[in-house]
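Colleague: Residue-level listing of the chains:
Number of protein chains: 2
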Amino acid sequence: MPIYKAPIEDFQFLCHEIFDVTNSLSAVDDSIEISADLLDAILIECAKFSEEVLLPLNQTGDQLGCKFENGEVFTPPGFKEAYRKFSEGGWCGLSSQKEYGGQGLPEVIQYMTDEMISSANMSFGLYPGLTQGTILCISKHGSEKQKEIYLSNLISGKWQGTMCLTEAHAGSDLGLLRTQAFSNDDGTYSISGTKIFISAGEHDMVENIVHLVLARLPDAPKGTSGISMFIVPKFKIDKDGSLGDKNNVSVGSIEHKMGAKASSTCVMNFDNATGWLIGLENKGLSNMFTMMNKERLFVGTQGIAQAEVAYQNAKNYANERLQGRAPDGKKSPEKSADAIINHPDIKNKLLFSKSIIQASRALSIWTHLNVDIAKLDNNADNKILAEDIEGIMTPVIKASCTDFATEITNECLQIFGGHGYVSEWGMEQFVRDVRITQIYEGTNSIQALDLVKRKLKIHNGRLFNSLVNKIEGSLTEINQNKELEFLAEPFKKSFSRLIEVTNWMIKNENSSPQLLSTISNDYLKLFSLVCFAWMWLLIGEKCISSSNKENRFYKSKLKTANFFMYQVLPLSQYLEGKIKTNNMILENITIDDI
Amino acid sequence: MPIYKAPIEDFQFLCHEIFDVTNSLSAVDDSIEISADLLDAILIECAKFSEEVLLPLNQTGDQLGCKFENGEVFTPPGFKEAYRKFSEGGWCGLSSQKEYGGQGLPEVIQYMTDEMISSANMSFGLYPGLTQGTILCISKHGSEKQKEIYLSNLISGKWQGTMCLTEAHAGSDLGLLRTQAFSNDDGTYSISGTKIFISAGEHDMVENIVHLVLARLPDAPKGTSGISMFIVPKFKIDKDGSLGDKNNVSVGSIEHKMGAKASSTCVMNFDNATGWLIGLENKGLSNMFTMMNKERLFVGTQGIAQAEVAYQNAKNYANERLQGRAPDGKKSPEKSADAIINHPDIKNKLLFSKSIIQASRALSIWTHLNVDIAKLDNNADNKILAEDIEGIMTPVIKASCTDFATEITNECLQIFGGHGYVSEWGMEQFVRDVRITQIYEGTNSIQALDLVKRKLKIHNGRLFNSLVNKIEGSLTEINQNKELEFLAEPFKKSFSRLIEVTNWMIKNENSSPQLLSTISNDYLKLFSLVCFAWMWLLIGEKCISSSNKENRFYKSKLKTANFFMYQVLPLSQYLEGKIKTNNMILENITIDDI
Numbered sequence: 000m001p002i003y004k005a006p007i008e009d010f011q012f013l014c015h016e017i018f019d020v021t022n023s024l025s026a027v028d029d030s031i032e033i034s035a036d037l038l039d040a041i042l043i044e045c046a047k048f049s050e051e052v053l054l055p056l057n058q059t060g061d062q063l064g065c066k067f068e069n070g071e072v073f074t075p076p077g078f079k080e081a082y083r084k085f086s087e088g089g090w091c092g093l094s095s096q097k098e099y100g101g102q103g104l105p106e107v108i109q110y111m112t113d114e115m116i117s118s119a120n121m122s123f124g125l126y127p128g129l130t131q132g133t134i135l136c137i138s139k140h141g142s143e144k145q146k147e148i149y150l151s152n153l154i155s156g157k158w159q160g161t162m163c164l165t166e167a168h169a170g171s172d173l174g175l176l177r178t179q180a181f182s183n184d185d186g187t188y189s190i191s192g193t194k195i196f197i198s199a200g201e202h203d204m205v206e207n208i209v210h211l212v213l214a215r216l217p218d219a220p221k222g223t224s225g226i227s228m229f230i231v232p233k234f235k236i237d238k239d240g241s242l243g244d245k246n247n248v249s250v251g252s253i254e255h256k257m258g259a260k261a262s263s264t265c266v267m268n269f270d271n272a273t274g275w276l277i278g279l280e281n282k283g284l285s286n287m288f289t290m291m292n293k294e295r296l297f298v299g300t301q302g303i304a305q306a307e308v309a310y311q312n313a314k315n316y317a318n319e320r321l322q323g324r325a326p327d328g329k330k331s332p333e334k335s336a337d338a339i340i341n342h343p344d345i346k347n348k349l350l351f352s353k354s355i356i357q358a359s360r361a362l363s364i365w366t367h368l369n370v371d372i373a374k375l376d377n378n379a380d381n382k383i384l385a386e387d388i389e390g391i392m393t394p395v396i397k398a399s400c401t402d403f404a405t406e407i408t409n410e411c412l413q414i415f416g417g418h419g420y421v422s423e424w425g426m427e428q429f430v431r432d433v434r435i436t437q438i439y440e441g442t443n444s445i446q447a448l449d450l451v452k453r454k455l456k457i458h459n460g461r462l463f464n465s466l467v468n469k470i471e472g473s474l475t476e477i478n479q480n481k482e483l484e485f486l487a488e489p490f491k492k493s494f495s496r497l498i499e500v501t502n503w504m505i506k507n508e509n510s511s512p513q514l515l516s517t518i519s520n521d522y523l524k525l526f527s528l529v530c531f532a533w534m535w536l537l538i539g540e541k542c543i544s545s546s547n548k549e550n551r552f553y554k555s556k557l558k559t560a561n562f563f564m565y566q567v568l569p570l571s572q573y574l575e576g577k578i579k580t581n582n583m584i585l586e587n588i589t590i591d592d593i
Numbered sequence: 000m001p002i003y004k005a006p007i008e009d010f011q012f013l014c015h016e017i018f019d020v021t022n023s024l025s026a027v028d029d030s031i032e033i034s035a036d037l038l039d040a041i042l043i044e045c046a047k048f049s050e051e052v053l054l055p056l057n058q059t060g061d062q063l064g065c066k067f068e069n070g071e072v073f074t075p076p077g078f079k080e081a082y083r084k085f086s087e088g089g090w091c092g093l094s095s096q097k098e099y100g101g102q103g104l105p106e107v108i109q110y111m112t113d114e115m116i117s118s119a120n121m122s123f124g125l126y127p128g129l130t131q132g133t134i135l136c137i138s139k140h141g142s143e144k145q146k147e148i149y150l151s152n153l154i155s156g157k158w159q160g161t162m163c164l165t166e167a168h169a170g171s172d173l174g175l176l177r178t179q180a181f182s183n184d185d186g187t188y189s190i191s192g193t194k195i196f197i198s199a200g201e202h203d204m205v206e207n208i209v210h211l212v213l214a215r216l217p218d219a220p221k222g223t224s225g226i227s228m229f230i231v232p233k234f235k236i237d238k239d240g241s242l243g244d245k246n247n248v249s250v251g252s253i254e255h256k257m258g259a260k261a262s263s264t265c266v267m268n269f270d271n272a273t274g275w276l277i278g279l280e281n282k283g284l285s286n287m288f289t290m291m292n293k294e295r296l297f298v299g300t301q302g303i304a305q306a307e308v309a310y311q312n313a314k315n316y317a318n319e320r321l322q323g324r325a326p327d328g329k330k331s332p333e334k335s336a337d338a339i340i341n342h343p344d345i346k347n348k349l350l351f352s353k354s355i356i357q358a359s360r361a362l363s364i365w366t367h368l369n370v371d372i373a374k375l376d377n378n379a380d381n382k383i384l385a386e387d388i389e390g391i392m393t394p395v396i397k398a399s400c401t402d403f404a405t406e407i408t409n410e411c412l413q414i415f416g417g418h419g420y421v422s423e424w425g426m427e428q429f430v431r432d433v434r435i436t437q438i439y440e441g442t443n444s445i446q447a448l449d450l451v452k453r454k455l456k457i458h459n460g461r462l463f464n465s466l467v468n469k470i471e472g473s474l475t476e477i478n479q480n481k482e483l484e485f486l487a488e489p490f491k492k493s494f495s496r497l498i499e500v501t502n503w504m505i506k507n508e509n510s511s512p513q514l515l516s517t518i519s520n521d522y523l524k525l526f527s528l529v530c531f532a533w534m535w536l537l538i539g540e541k542c543i544s545s546s547n548k549e550n551r552f553y554k555s556k557l558k559t560a561n562f563f564m565y566q567v568l569p570l571s572q573y574l575e576g577k578i579k580t581n582n583m584i585l586e587n588i589t590i591d592d593i
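In order, the protein sequence lines correspond to chains A and B. Reminder that position 486 of the first sequence reads as 485 in numbering that gives the first Met the number 0, one-by-one numbering, no gaps. Reminder that position 210 of the second sequence reads as 209 in numbering that gives the first Met the number 0, one-by-one numbering, no gaps.
The set of hints was computed from the structure by calculation and includes no laboratory data. Hints should not be assumed to be uniformly reliable.
Put simply, identical chains are the same to the list, so a pair is met inside one copy or across any two.
[As the list claims (entries may be wrong)] Below, simulated PhoX-like cross-link-like pairs (lysine-lysine); rule was C-alpha separation at most 25 Å, straight line:
{"id": "1", "residue 1": "Lys456", "residue 2": "Lys329"}
{"id": "2", "residue 1": "Lys221", "residue 2": "Lys334"}
{"id": "3", "residue 1": "Lys554", "residue 2": "Lys579"}
{"id": "4", "residue 1": "Lys329", "residue 2": "Lys221"}
{"id": "5", "residue 1": "Lys245", "residue 2": "Lys235"}
{"id": "6", "residue 1": "Lys382", "residue 2": "Lys245"}
{"id": "7", "residue 1": "Lys456", "residue 2": "Lys548"}
Quick caveat, the model's predicted, so the values are computed rather than measured.
Work the whole structure out from these sequences, hints included.
Modeller: As structure tokens, then:
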């Protein structure tokens with residue numbers, strides 16, 4: 000069975016030494032009651048739950064999958080019970096509002112618990128993970144009454160939530176959606192239509208499921224500006240808050256998928272189902288983005304989580320599997336062969352994985368810290384700056400952490416040779432499970448378009464400038480440290496490259512209507528590499544200037560940083576060349592040439 | 000259900016226009032009876048069989064898989080019947096010796112039929128594909144009597160063959176294997192041991208299965224030089240050639256795998272099974288390489304095949320799926336959205352796929368043509384030259400075509416968005432099925448080591464020089480064609496880079512015992528990119544100089560070549576940098592740092 004040990008040491012290093020999370024948060028809001036000790040205690044509790052309760056259900060969940068019988072969906076054995084323990088432990092409401100029963104803890108802690116849960120059992124984590132978005136969406140856009148009815152039950156974990164966007168003919172292009180909503184006399188709406196790919200659309204874990212459904216009112220404008228959002232619960236709620244009649248919501252079928260098999264993916268039929276408008280009419284799509292953006296960061300977390308667990312297993316196997324001899328001399332002459340971790344090829348694969356995983360974890364923690372600051376800081380400038388970081392980093396983290404996760408889980412599978420292909424060892428499940436993260440909550444190409452066509456442009460490019468200022472600010476100290484030049488020099492080269500390419504894009508975008516779309520994926524990748532490099536630089540600085548720098552942990556961080564800068568980051572040069580020629584090549588190509 | 004149309008036009012273009020296959024072969028051996036018309040007819044027949052018989056079994060084969068019941072293995076419904084038709088059609092013996100009932104056709108034709116079969120149904124193709132290796136091995140190393148007993152039954156398809164190498168603790172490192180062989184009084188041997196990952200080890204398609212088993216004789220030297228090969232048939236053969244008693248060979252279990260589920264992967268127990276020595280004692284491993292090398296090229300073919308079918312489906316879907324509007328203006332204003340093939344991101348993904356698939360197909364056809372020449376040509380110099388090409392290209396094709404195939408099938412899945420993740424559409428099966436090709440018949444890292452540590456070194460580097468001479472020879476004409484400079488210039492730059500990096504490696508290899516192992520994977524990738532670029536240059540030359548150059552097929556080839564040269568090939572620069580710094584970075588890293 001696959002192993003998993005939560006990377007507590009790395010979490011603590013990043014929170015306490017790199018980003019000084021608890022002090023940074025206390026500084027912006029002194030009502031935050033989070034000490035370093037409390038943070039550590041939460042991490043250890045969640046690690047225990049993930050390792051002991053969730054991990055053992057991961058392989059059986061994949062093998063047995065969800066079952067659809069007589070219109071009902073059953074999660075795999077053990078999931079319901081694990082979820083009961085999970086909600087009793089208060090994990091559902093970790094970062095939710097205290098007034099509705101949540102613990103009010105920062106998002107940065109939520110990130111780390113999400114990572115652990117998603118490493119141990121990605122399918123399980125998706126159920127409460129999605130509900131986080133529902134909670135946020137109702138908190139932001141719901142009426143007081145709606146908050147009262149739904150929030151405490153969602154936060155306690157008694158109910159769960161979904162987002163119902165996709166229709167068979169409307170996926171990336173939600174403007175095409177057709178589900179209809181008609182106003183009833185009593186202030187409710189009748190919702191009719193079919194939604195597909197609805198994660199956690201129906202299952203047996205909770206007594207009620209709260210669907211947030213996008214639909215069109217009669218005479219609504221065409222396209223994306225004619226979409227409204229409705230709350231459509233599986234069971235209607237009576238006046239006293241108790242569960243009422245079953246709503247006209249049913250499951251058509253569940254999907255048979257490549258992976259994430261313990262997560263139920265449903266076709267949901269709304270047949271004159273009763274719904275309640277949430278937020279303003281025709282503002283449904285932009286309101287849904289409250290939920291969507293949160294989920295996009297969460298999907299990035301799933302990517303990091305699966306890459307981490309795959310890496311841990313591959314490293315473990317590479318230390319135990321004996322095959323061949325190290326090219327630089329026998330390592331275990333008393334044995335018939337050396338552990339394969341001594342083979343340079345295996346080292347390269349593991350270091351590649353580690354250098355991406357740890358940088359993306361750092362970047363995610365920093366981004367979630369900014370999500371907290373954006374929420375808590377009363378200083379308007381700081382708030383805007385933090386919102387800018389959250390805004391620009393969301394597509395980057397969602398896409399790059401999941402793209403790299405597919406690459407890493409595949410590389411880690413490869414370390415197992417034939418055993419990687421066999422289900423028993425669990426590696427192929429990681430590859431299959433993580434593959435959905437590149438797709439859902441907006442495919443990674445949609446993320447790339449969000450970055451270049453929206454995030455780089457809004458507020459006259461302020462978001463990008465905010466990031467550039469943050470990075471430049473951090474360089475002042477670093478520039479004085481000669482010992483750090485081996486990391487600073489390649490980083491600065493790549494940072495200049497990112498700025499130069501960004502300016503080139505802005506300058507040239509009017510030369511061709513398709514320029515930005517054409518290069519968006521490569522630009523996002525370049526962007527993420529530079530951000531990862533920045534993280535390694537910050538980490539490197541801390542490790543070099545620490546009084547404890549001979550410590551194994553610091554030394555190996557520095558070596559991993561070095562590996563990243565000289566083996567991975569140089570991809571940015573290739574990407575620059577590719578970006579600058581791509582449109583010229585593509586303009587000449589018709590669809591018949593493809 | 001997924002579609003597949005055999006790429007007959009591309010096969011014909013490569014055979015007739017680029018490599019002039021039939022005339023080249025007739026020139027080396029005038030007994031070869033293969034006209035262009037016959038070649039075309041075979042392609043069309045095999046296309047029909049693949050599209051009509053094998054393709055419809057591919058998804059059900061995946062869903063139902065092989066079953067293991069009471070010690071027997073059953074292939075999925077329809078497989079046995081399809082195999083009967085396949086062998087009746089003479090496909091099993093297409094390239095086998097006429098004297099044993101084969102058709103004696105060239106390997107280059109076998110390549111194309113293998114590609115079609117493996118596109119339509121990779122799992123099915125593996126059964127007869129492996130038997131090809133058994134036939135070759137017995138032909139080369141078997142006694143006259145062994146040939147007489149086995150070859151005609153294997154060639155007719157009445158029996159099948161396997162290769163039994165791997166043991167639980169001995170995969171990449173076969174020197175560790177422990178299966179034992181004891182000599183009996185009657186000239187037979189008793190074989191005992193357990194082999195794992197045996198493809199087609201047991202199943203219901205044929206009446207007998209001929210295992211080629213590696214085992215150790217008592218007092219054999221340790222390691223790889225103490226391994227002998229034995230023929231161990233499932234049913235022993237009576238003196239009159241009829242089937243005799245069941246041998247002591249049994250199936251322990253079948254593996255549950257990520258994909259290739261219709262191919263039975265068995266744990267095989269040999270319990271004092273009767274075997275016959277084939278070839279000399281202790282020469283088993285090098286003799287097995289006769290089979291292995293053939294299978295390595297075959298695995299490369301599987302990679303190309305799966306990439307092709309994934310690309311075809313993605314292109315088809317991209318032409319039909321309507322989402323969003325093309326950035327350069329509406330393409331179908333009468334519809335609610337444009338086909339997604341109009342989005343530059345989709346174009347990039349499809350062109351990337353096409354540019355690799357078509358180049359690797361060209362490279363494989365050229366390599367297989369060299370396999371034929373090596374077999375047929377009586378001129379010793381030509382024979383050696385062709386053997387050199389076969390030898391150096393085998394690891395390159397096996398590893399790079401399968402590595403790229405995983406990348407391409409994943410990119411093509413992505414084009415389907417959520418539908419790609421759902422089993423119904425078949426895309427996720429391609430990703431799962433093709434994943435094994437990076438692993439079996441020697442992992443791709445083993446291929447890379449074979450390239451840098453063996454193929455570049457034997458005969459004082461003659462193999463590489465043979466390739467360089469071939470390429471340089473082809474440049475003479477090309478250099479005079481100014482119209483071709485847009486392809487020739489980037490190619491020549493990358494070709495010089497490959498030579499320069501190769502020389503750098505040779506010069507520096509003694510500086511560090513692990514240098515070659517460290518950089519082997521990147522070197523192989525660089526090597527393959529340059530070979531692909533060369534193929535595009537040869538194709539480009541033909542298209543530009545054709546009297547028919549306004550033809551859609553030629554024009555789109557030229558555009559694809561252009562895409563490859565400026566969007567894919569520049570990776571070689573990154574790889575050069577990575578290769579030259581990798582060892583310096585890695586030398587500094589201990590296994591505790593990983």
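Colleague: For each hint, tell me whether it holds in the structure or not.
Modeller: Here is how each hint holds up against the structure:
Taking the shortest alpha-carbon separations for Lys456 and Lys329, only the inter-copy value of 23 Å comes in at or below 25 Å, while the best intra-copy value is 57 Å. For the homomeric pair Lys221 and Lys334, the shortest alpha-carbon distance between copies (14 Å) is at most 25 Å, but the shortest distance inside one copy (71 Å) is not. Within a single copy, Lys554 and Lys579 get their C-alpha atoms only as close as 38 Å, which misses the 25 Å cut-off; across copies the closest is 23 Å, which meets it. In this assembly of identical chains, Lys329 and Lys221 lie within 25 Å of each other by CA distance solely across copies; the values are 16 Å between and 70 Å within a copy.
With identical chains, the CA atoms of Lys245 and Lys235 are at most 25 Å apart within one copy only, with a shortest distance of 6 Å there and 67 Å across copies. Neither within a single protomer nor between protomers do Lys382 and Lys245 lie at most 25 Å apart by alpha-carbon distance, with minima of 43 Å and 79 Å respectively. In this assembly of identical chains, Lys456 and Lys548 lie within 25 Å of each other by CA distance neither inside one copy nor across copies; the values are 42 Å within and 44 Å between.
Consistency note: the structure conflicts with the earlier hints numbered 6, 7.
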